[in-house]
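So the protein sequences, as listed, match chains A and B.
So the number in this note's numbering is just where the residue sits in the first sequence, counting from 1, plus 273.
So the number in this note's numbering is just where the residue sits in the second sequence, counting from 1, plus 275.
Just to be clear, a hint being listed does not mean it is correct.
Quick list of in silico lysine to any residue cross-link-like pairs, SDA-like style, CA-CA up to 20 Å [as the list claims (entries may be wrong)]: (1) A:Lys691 x B:Ile405; (2) A:Lys691 x B:Leu334; (3) A:Lys386 x B:Leu599; (4) A:Lys481 x B:Ser582.
To be clear, the hints were calculated from the coordinates, so they are not data collected in a lab.
Please read these numbers as outputs of a predicted model, since none were measured by experiment.
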Amino acid sequence: MRKHLNVIAAYSIMLGLIILVGIFQSWNVALSIFNMCLISAVMTMGANVQWGYAGLINFGLMGYAALGGLAAVLISVDPVQEAWAVGGFNIIICLWLIVAMIFTIRFVLKNFKKSKIRTYGIAAIIIAGIVIIRITSGPSIEAIEAVNPATTGFLGGLGLPIIFSWIVGGFFAAGLAFIVGKVALGLRADYLAIATLLISEIVIAIIKHEDWLARGVKNVIGLNRPVPYEVNLQTTEWFINLVAKLNSGKLNFISNVNDKQAALNQMVIEGSSVFVKLCYSGLFLVVVIILLIITQKALYSPWGRMMRAIRDNEEAANAMGKNVVKQHLLIFILGSAIVGIAGAMLVTQDGLFTPGSYRPMRYTFLIWVMVIVGGSGNNFGAILGGFAVWFLWIEAAPIALLLINLFTAGLPETHELKIHLVESVPYFRYLMMGMGLLLIMRYRPKGILPEKIEIK
Amino acid sequence: MDFLNAIILLLNYIFVPALTYGSQLALGAIFVTLIYGILRFANFATGDMMAFGTMVTILITWYFQSLGISLGVLPTALLAIPFAIIFMIGYMLFIDQFVFRYYRVNKSPPVQLAMVSIGVMFVTQAVVRIIIGPSDRRFFDGEKFIIKAGEFKEMTGLNEGLAIKSSQVLTIFVTLLLVSILFWFLNKTKTGKSMRAYSDNEDLALLSGIDPKRVVMITWIIAGILATIGGALYGLDKSFKPFTYFNNMLPIFAAAIVGGIGNPFGAFLGGYVIAFSEILLTYAYKKFFMYILPESMEPETLVQLLSTDYKFAVSFSILVIVLLYRPNGIFKGKVL
Numbered sequence: 274m275r276k277h278l279n280v281i282a283a284y285s286i287m288l289g290l291i292i293l294v295g296i297f298q299s300w301n302v303a304l305s306i307f308n309m310c311l312i313s314a315v316m317t318m319g320a321n322v323q324w325g326y327a328g329l330i331n332f333g334l335m336g337y338a339a340l341g342g343l344a345a346v347l348i349s350v351d352p353v354q355e356a357w358a359v360g361g362f363n364i365i366i367c368l369w370l371i372v373a374m375i376f377t378i379r380f381v382l383k384n385f386k387k388s389k390i391r392t393y394g395i396a397a398i399i400i401a402g403i404v405i406i407r408i409t410s411g412p413s414i415e416a417i418e419a420v421n422p423a424t425t426g427f428l429g430g431l432g433l434p435i436i437f438s439w440i441v442g443g444f445f446a447a448g449l450a451f452i453v454g455k456v457a458l459g460l461r462a463d464y465l466a467i468a469t470l471l472i473s474e475i476v477i478a479i480i481k482h483e484d485w486l487a488r489g490v491k492n493v494i495g496l497n498r499p500v501p502y503e504v505n506l507q508t509t510e511w512f513i514n515l516v517a518k519l520n521s522g523k524l525n526f527i528s529n530v531n532d533k534q535a536a537l538n539q540m541v542i543e544g545s546s547v548f549v550k551l552c553y554s555g556l557f558l559v560v561v562i563i564l565l566i567i568t569q570k571a572l573y574s575p576w577g578r579m580m581r582a583i584r585d586n587e588e589a590a591n592a593m594g595k596n597v598v599k600q601h602l603l604i605f606i607l608g609s610a611i612v613g614i615a616g617a618m619l620v621t622q623d624g625l626f627t628p629g630s631y632r633p634m635r636y637t638f639l640i641w642v643m644v645i646v647g648g649s650g651n652n653f654g655a656i657l658g659g660f661a662v663w664f665l666w667i668e669a670a671p672i673a674l675l676l677i678n679l680f681t682a683g684l685p686e687t688h689e690l691k692i693h694l695v696e697s698v699p700y701f702r703y704l705m706m707g708m709g710l711l712l713i714m715r716y717r718p719k720g721i722l723p724e725k726i727e728i729k
Numbered sequence: 276m277d278f279l280n281a282i283i284l285l286l287n288y289i290f291v292p293a294l295t296y297g298s299q300l301a302l303g304a305i306f307v308t309l310i311y312g313i314l315r316f317a318n319f320a321t322g323d324m325m326a327f328g329t330m331v332t333i334l335i336t337w338y339f340q341s342l343g344i345s346l347g348v349l350p351t352a353l354l355a356i357p358f359a360i361i362f363m364i365g366y367m368l369f370i371d372q373f374v375f376r377y378y379r380v381n382k383s384p385p386v387q388l389a390m391v392s393i394g395v396m397f398v399t400q401a402v403v404r405i406i407i408g409p410s411d412r413r414f415f416d417g418e419k420f421i422i423k424a425g426e427f428k429e430m431t432g433l434n435e436g437l438a439i440k441s442s443q444v445l446t447i448f449v450t451l452l453l454v455s456i457l458f459w460f461l462n463k464t465k466t467g468k469s470m471r472a473y474s475d476n477e478d479l480a481l482l483s484g485i486d487p488k489r490v491v492m493i494t495w496i497i498a499g500i501l502a503t504i505g506g507a508l509y510g511l512d513k514s515f516k517p518f519t520y521f522n523n524m525l526p527i528f529a530a531a532i533v534g535g536i537g538n539p540f541g542a543f544l545g546g547y548v549i550a551f552s553e554i555l556l557t558y559a560y561k562k563f564f565m566y567i568l569p570e571s572m573e574p575e576t577l578v579q580l581l582s583t584d585y586k587f588a589v590s591f592s593i594l595v596i597v598l599l600y601r602p603n604g605i606f607k608g609k610v611l
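Kindly produce the complete structure, drawing on both the sequences and the hints.
Structural data, given as structure tokens:
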């Protein structure tokens, strides 16, 4: 118990803060912060698996999160029959062409010796393949995008419950991570960072501009939910009764029947959105807990020990007969898959997929700040980082406003400086993140909850 | 005649814009490569430092404009740049003193320094947005065009016009001047040589009596100059928007690595490699072929290899290919 005192203390402070938001702002805000904290926690766990366990630096988190989101669209949206009729066949042929291209390249790589001719041959295969694919896909892509472009204009998905996309999103991200890992993992740390960052930008560019896949920047909205809709809840008998029962104390004070009904309606409306958010929290908590159990088990298993050995001294681990390249690839895939799950969860919660919103600041660097601040190598630390940083990210604006008003209290309301500062309040969150990261890196380089390995 | 038209077309839409864009990237890439070569970390704050330098330039330009000072046909910003550089050098040295020095003295691994630079990136970005706001700003004044498309058509009697903006000529001219001075400095002066020695082999350089503090200081001073001028030129040619500057960090990194990171000359050429390939691969060649091919063979499609949406993706793909096949870059930089 004593050993874990700091963990318990840190988490109770964090929960206390969220509860304070609930009391002073509203429970709606508090729960939406809590849900986003949970999603961020899943992302940080993914990054922590890569960075904390194995020392791999992955600045491509954005790309994996976006692929998870794409999975949510491809799983949950109903298939657009018309689009499949006009262009589906050609698209499937193109997929087969890509597969054939990959196998041809593998065949060439296996059966010919390394030479200049082979390199040129492979380049020729790739160029020819791209040309053929463009010729076959071009007209059908146009046809698909022409199908009712205001609402569909894409192939649609499978029409399954969106929950499945969490798993599929993980697999999508794992697939991408396999390719990226094969390509880039041999690079030195900071090159790996740059390469993964740029590859994730390529992924985003493709998702943004291939409209037949997921409508691109036209966004997909109104995804199916795994939880009830507020509108339906507000007319459901048991829910209204529940709200009335929970608030019976308050309601009894109102004597007028009409007023009572109005107050109850208001409570039902508020209660329904809180209830929906609670449902999401429950779902996300299950994911976080499952992942936490798995990652904790992995950390203290022989495999986790091996990963730490590889992280701390690659050459020594190699000399002990551990396959460093293979393990790096494995952990890169695992970590990315977790980020993919988080990406799918995020889109599930928002109910919409907006490729334009994937920016490295928000989906790569912020997550990294979370990992570093929380404590890399320690799962509890990483989750705490996700909570603390996201909380600060949301609450930075009110805090900054408070501080500005405090420091410019002597100035009149119409003073230019004051107006300017108040207008630029949203950007103070970047300042706080940056200062936080710099201070933590300087004075507590291992994070709030540092890595602690118990030798049993 | 058709042939001439085709050439003018390419000059107008590919060569001049690519040369300008390449120059802007080249300055940034040299900045990245110098920091990497001498301080040994990947500086993720590059784009935002350039934005900061540009912001200072804009503020001073506004001040001059309010005083009524101008350079006539040339943009007032040129007058503001020297002052901005002085400010920027101060900023760079301040950051180094309070942030980077600690990790350098402790001999932290490069990854940690890169992480710290992300902290600097956040802070710089915040400061820029708080001071000047996130919106688009144009601060170009003076004569806009050297040759207008219409005038050119009249002058030569061709169908295709060639428009050259004065900001483009200015960018190319200033870049070439600055880069030549920089290479002269690195190759001919004693300080420059000591910097190269320090970059090649730190221990040997220390043994031969090179003062590391001085080398680091001069690196930051050059970085300040490059960041301000590179950023201001980009802002003059296009416009100033903090978010664009942050995004430009990516092609700049690509240029530095393609050219061979740690090698300033490679970075310089890398900028042009990236710029030309981005524009060459995303240009629609239909009109070009209409001029040079007989009518019967005219293409029906746009003859565009990739849609312009993939402009950035092109440079990143080049980078990935280079990393795979020539990890040292085309012009051999530091060994990875």
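So, going through the hints one by one against the coordinates:
| no. | hint | in the structure |
| --- | --- | --- |
| 1 | A:Lys691 x B:Ile405 | holds, 12 Å |
| 2 | A:Lys691 x B:Leu334 | holds, 19 Å |
| 3 | A:Lys386 x B:Leu599 | holds, 18 Å |
| 4 | A:Lys481 x B:Ser582 | holds, 12 Å |
Violated hints for the displayed structure: none, as all numbered hints are satisfied.
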